[in-house]
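Based on these hints, arrange chain B on the given structure of chain A.
There are 2 protein chains.
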Amino acid sequence: MKIGVLGTGTVGSAIATRLVKAGHEVRMGARDSGNAKAKAWAAGEGKGASHGDFAAAADFGEIVFSATLGEAALDALKAAGPANLRGKVLVDVSNPIDSSKGMPPALFTGPGDSLGERIQREFPDARVVKALNTITASLMGHPEHLHADSDLFVCGNDADAKARVQVLLGEFGWKTVHDLGDIRSARGMEAYLLFWFALYGAQKTTGFNIRIVR
Amino acid sequence: MKIGVLGTGTVGSAIATRLVKAGHEVRMGARDSGNAKAKAWAAGEGKGASHGDFAAAADFGEIVFSATLGEAALDALKAAGPANLRGKVLVDVSNPIDSSKGMPPALFTGPGDSLGERIQREFPDARVVKALNTITASLMGHPEHLHADSDLFVCGNDADAKARVQVLLGEFGWKTVHDLGDIRSARGMEAYLLFWFALYGAQKTTGFNIRIVR
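Taken in sequence, the protein lines are chains A and B. Its first residue numbered 1, the first sequence is counted upward by one per residue in the working numbering. Its first residue numbered 1, the second sequence is counted upward by one per residue in the working numbering.
One or more hints might be untrue.
[Stated by the list, open to error] Computed cross-link-like contacts, DSBU-like style, restricted to lysine-lysine with a CA-CA straight-line distance of at most 35 Å:
| # | chain 1 | residue 1 | chain 2 | residue 2 |
| --- | --- | --- | --- | --- |
| 1 | B | K88 | B | K175 |
| 2 | B | K175 | A | K175 |
| 3 | A | K204 | B | K175 |
| 4 | B | K37 | B | K101 |
| 5 | B | K101 | A | K101 |
| 6 | B | K88 | A | K101 |
| 7 | B | K204 | A | K204 |
| 8 | B | K88 | A | K204 |
| 9 | A | K47 | A | K88 |
| 10 | B | K101 | A | K78 |
| 11 | B | K88 | B | K39 |
| 12 | A | K21 | A | K47 |
| 13 | A | K175 | B | K204 |
| 14 | A | K101 | B | K78 |
| 15 | A | K47 | A | K37 |
| 16 | A | K47 | A | K175 |
| 17 | B | K204 | A | K88 |
| 18 | A | K88 | B | K101 |
| 19 | B | K21 | B | K39 |
| 20 | A | K2 | A | K47 |
If you're looking for bench data, these hints aren't it; they were derived computationally from the structure.
For reference, chain A alone in the conformation it holds in the complex (with noise of 0.2 Å):
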């Protein structure tokens, strides 16, 4: 498949390296087309990987991952450009995280609302299914890397798209994708990450996920 994934740090690549060893056809997103480490990726990777702009991305992918920082993302988003992303799923992999009085963080968009539903309503004619956003970069393709099976989550309003990115889920090796209902979920997924903080500063790594025990 082809898949465009917007974004150049630690998550794009992450996303866009796994994604390629899955078998897919990558395009990787900078503000630049000219974004040297979008093309450094796409050198190293060869086969099935290029790189471009944000629209050229989106327009290469029959599915599209936001995976900037989630500062960055409704602009990035605006740049890839709404006609390249209509109908499309939108994997929104994004955290809404403010940084900006230290540490711990804390989430610039506000209680009732998410990143993920701001950019469903920005971009009504996208598919957008929240998922990735609880765990690190270096896990995200990489289950196996945990001693244990642990849990991915994914959420938003249309279900033929969540169930498209379960299956690439799948293919990254996750056995167990629990679908958290429409994209207001995605408040629970990204007030996680506050969770997720606190974890990470009492172990020291962000090497962990979570199982949920029933």
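Frame of chain A; chain B shown alone:
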């Protein structure tokens, strides 16, 4: 040990009952000393159980549980009285849930704050430990009701206070209680509730918890 439990709802009575079962003397506190639920609880438990107003319960306890609704917590503690909380371990179980705009709920504390921190600021001589707010009342004293081991969390500024709460939770059967650091981690433990509500909505049961996987 003598323990005071402020709150007569499902959380307060679940904790109070489990403490009596573990062999402690427990006084349940309510706004009014004649509160019918507190009276019925004490009569039902019999030996080891008593009831009174918030001040009487706080005065009685070497350890005090704050187990009212989040929105009532500070008022209940003011009624309990700073003198009755001075130097004591104060276990804050409540969540700052604002469901005035329907479900899913929001938190009323705003960014960069938490109910745990508000309580610690308001009662600087109490040794506040946030605990047990991440699971439903019926599981608090019964981790064995789940099909596999799951985890709890504490945070607070006083290491000895946290250790004493961890001992109590161990008496309840909890095997793994992560220390998340100082009371600022209450932000994460309370934000987790928004994630909990998303899981609750998806799973249609409150009978779940999480296990940290590394």
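query: For the pair supplied as a hint, K101 (chain B) and K78 (chain A), is the alpha-carbon distance within the 35 Å limit?
result: Between K101 (chain B) and K78 (chain A) the Cα gap is close to 30 Å, so the pair holds against 35 Å.
task: Compare the distance between the alpha carbons of K175 (chain B) and K175 (chain A) with 35 Å, and conclude whether the hinted pair is satisfied.
output: holds (26 Å)
query: Going straight from one Cα to the other, do K2 (chain A) and K47 (chain A) come out at no more than 35 Å?
result: holds (13 Å)
- request: Could you grab the alpha-carbon distance between K101 (chain B) and K101 (chain A) and see if it respects the 35 Å cut-off?
  value: OK: K101 (chain B) and K101 (chain A) at ~28 Å, within 35 Å.
query: Taking 35 Å as the top limit, are the C-alpha atoms of K47 (chain A) and K37 (chain A) close enough?
result: Since the Cα atoms of K47 (chain A) and K37 (chain A) sit roughly 17 Å apart, the hinted pair holds (cutoff 35 Å).
- prompt: Are the Cα atoms of K88 (chain B) and K204 (chain A) separated by 35 Å or less?
  reply: Cα-Cα ~30 Å, so holds.
35 Å Cα cutoff - pair K88 (chain B), K175 (chain B): With a Cα-Cα distance of about 24 Å, the restraint between K88 (chain B) and K175 (chain B) holds, given a limit of 35 Å.
task: Would you check the hint for K204 (chain A) and K175 (chain B), treating anything up to 35 Å between C-alpha atoms as holding?
output: Cα-Cα ~21 Å, so holds.
message: Can you confirm whether the C-alpha distance between K88 (chain A) and K101 (chain B) stays at or below 35 Å?
response: holds (31 Å)
query: Taking only the CA atoms, is the gap from K204 (chain B) to K88 (chain A) under or equal to 35 Å?
result: holds (30 Å)
message: Check whether the Cα positions of K204 (chain B) and K204 (chain A) lie no farther apart than 35 Å.
response: holds (34 Å)
- request: Could you grab the alpha-carbon distance between K88 (chain B) and K39 (chain B) and see if it respects the 35 Å cut-off?
  value: Within the cut-off at roughly 25 Å; holds.
Violated hints are absent here; each numbered hint is respected by the structure.
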